[in-house]
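> Here are the chains, one letter per residue:
Number of protein chains: 2
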Amino acid sequence: MQDELIRRISMLVAKELNSQEKTESENKVPIGISARHVHLCREHIDILFGKGYQLTEKKELMGGQYAAQECVTLVGTKLRAIESVRILGPERKASQVEVSKTDAIRLGINPPVRESGNTAGSAPIAIVGPKGAVYLDEGCIVAKRHIHMSPADAENFGVTDGQIVSVKFDNSRGGTFEGVQIRVDKTFTLEMHIDTDEANGLGVGKDMGIVIK
Amino acid sequence: MQDELIRRISMLVAKELNSQEKTESENKVPIGISARHVHLCREHIDILFGKGYQLTEKKELMGGQYAAQECVTLVGTKLRAIESVRILGPERKASQVEVSKTDAIRLGINPPVRESGNTAGSAPIAIVGPKGAVYLDEGCIVAKRHIHMSPADAENFGVTDGQIVSVKFDNSRGGTFEGVQIRVDKTFTLEMHIDTDEANGLGVGKDMGIVIK
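Chain order of the listed sequences is A and B.
Numbered according to the UniProt record's numbering, the first sequence spans residues 1 to 213.
Numbered according to the UniProt record's numbering, the second sequence spans residues 1 to 213.
Because the hints were derived from the structure by calculation, they are not lab data.
Keep in mind that a hint or two might mislead.
Heads up, the list lumps identical chains together, so a pair's fine if it works in one copy or across two of them.
[Stated by the list, open to error] With a straight-line cut-off of 30 Å between C-alpha atoms, the simulated DSS-like cross-links for lysine-lysine are:
no.: 1; residue 1: 206; residue 2: 58
no.: 2; residue 1: 206; residue 2: 78
no.: 3; residue 1: 186; residue 2: 93
no.: 4; residue 1: 58; residue 2: 168
no.: 5; residue 1: 93; residue 2: 206
no.: 6; residue 1: 59; residue 2: 78
no.: 7; residue 1: 168; residue 2: 144
no.: 8; residue 1: 206; residue 2: 144
no.: 9; residue 1: 28; residue 2: 168
The task is simple: from the sequences and hints, build the whole structure.
So this is what it looks like as C-alpha cells:
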C-alpha cells in the first residue's frame, strides 16, 4: 500500500514538473464546433444532384475543405428525418455522414464514435438530394474528438501524431474532455474539433481549451 | 518559483492522500439523464388543460415527483417549435421549462444555465396545451448539473449541501464535469442529474460517475 502510494505521488509530482515546462497560454487551443454534415463521393453526387454536378463553395474551411451551398435530407432506419444537412466539399473517396448523438436519437439510429474515414460497420443511413437518393449500408458516425495541428504546432505543444491528451475548459459550465487524439499534418491549422453535444454539454462557445498531457 | 512548485506538489499529495480515504466504489454515483421537460403551476394547468384539470401520473420519479401522461408544445421567440414535451408533476408554485442547449438553439432562444427554481431574468417561452396557451416572460432555463442525495449519503461521501464537486466518467468518450453542486434533502435518492447534451457529449448512458472532491 505504501509503495503504491509513493508511486502515485511520484507520478503526480512528475506530471506537475512536466506541466511547468509550458506556460498556460502556450497550451491553449481554439475550438471548432462541428454541426452535422455529409461528405460525398463522386458517384453519390451524381445520384443526388445529377451526373457531373459540381458542389458550390459557400465558406472555406481549413485544409482545403469547404462548406458547400448544397444540403441534403438524412433519413434514419426508423424513417425519421433531419432536413437541410450541409455537405462539406471537396468530394471524397467514400461518402460519410457525421451526426451528434442527439441527432442520432432523433433519427432513431445508433452510430459509433469514430475517427473520420473509419466507417466499417458503422450505422446505415439514407441521404436524399434533389435528383435522387442513396442508402448507405454503413457510413454514419459520431465524430471522435480530436485536435488538428501543423508539425510546428506539434513541436510547440510537445506532442506527436496520434497521441491522446485531455482538454480542459475553465468556463462556467466547465469540465475536461479525455481521450482527445492529436492529428498532425502540414495542411492543418491548429483547432480542436468537437461536436454540438460536446460543445453544449460543457458550454463551449468561443472559449479556448487547455491541453493537458 | 521553487516555493510555488512545492506548494502545488503539497496540494496534489494532500489531495491524493485524501482520495485514498474512500475506495473508488464508495465515491460512485448513478446518473439520471433529464430530457427537456416542463413544470406547471395550478393557474397554467387550468389554462393549458382546462379549469381544475388533474395531471395523470405515467411514471414515478424520486422525491414525490412523476412524469405525467400529458405533454405540451414549446414555441420559442423565433416561432420555432418542439412538440411532445413531457410535463413533470406535481404542480409547482411557478411554471418552469428546462431544455438542453441543443433544444435552445433549435428553438432560437438563449436560456441561462441555472439551478431549478432560479428563473429570474431567464428566457421567455410559449407553452401550448390542448385547451390554451401561456407565454412565460421568463422561466426557461438549461438545468445546472447537480447531485441529489440524502443526509446519510452526504455523510458517506463526506460532502455538505451546496458543496461543489467534480464528477469523472471512465468510459470510451469520457471526461470530467466540474462545478457539480451537491443538494442534500431527506426526500432525495442518490442520483446525479445531467441533461441530454451533457450525457451525449461524454457518452454517458448507464455509467456511474466518480465524485472527486
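> Check residue 206 against residue 144 for me: Cα-Cα at most 30 Å, and say if that holds within a copy, between copies, both or neither.
Answer is both; intra-copy 20 Å and inter-copy 20 Å each pass.
> Given a CA cutoff of 30 Å, do residue 168 and residue 144 count as a within-copy pair, a between-copy pair, both, or neither?
Intra 16 Å, inter 19 Å, cutoff 30 Å: intra and inter.
> Taking 30 Å as the upper bound on the Cα-Cα distance, should residue 186 and residue 93 be classified as within, between, both, or neither?
For residue 186 and residue 93, only the intra-copy Cα distance (21 Å) is at most 30 Å; the inter-copy one is 59 Å.
> With identical chains, the pair residue 59 and residue 78 could be close in the same copy or across copies; at 30 Å between alpha carbons, which is it: within, between, both, or neither?
between (33 Å within a copy, 25 Å between copies)
> State whether the alpha carbon distance between residue 206 and residue 58 is at most 30 Å within one copy, between copies, both, or neither.
within (22 Å within a copy, 41 Å between copies)
> Reference check for the pair residue 28 and residue 168, CA-CA at most 30 Å: within, between, both, or neither?
both (9 Å within a copy, 22 Å between copies)
> For residue 93 and residue 206, with the copy left unspecified, which applies at a CA distance of at most 30 Å: within, between, both, or neither?
neither (33 Å within a copy, 37 Å between copies)
> Classify it for me, residue 58 with residue 168: is the Cα-Cα distance of at most 30 Å met within a copy, between copies, both or neither?
neither (32 Å within a copy, 40 Å between copies)
> Between copies, within a copy, both or neither: which fits residue 206 and residue 78 at Cα up to 30 Å?
between (35 Å within a copy, 23 Å between copies)
Figure legend: structure checked against the earlier numbered hints; hints not met, in rising order: 4, 5.
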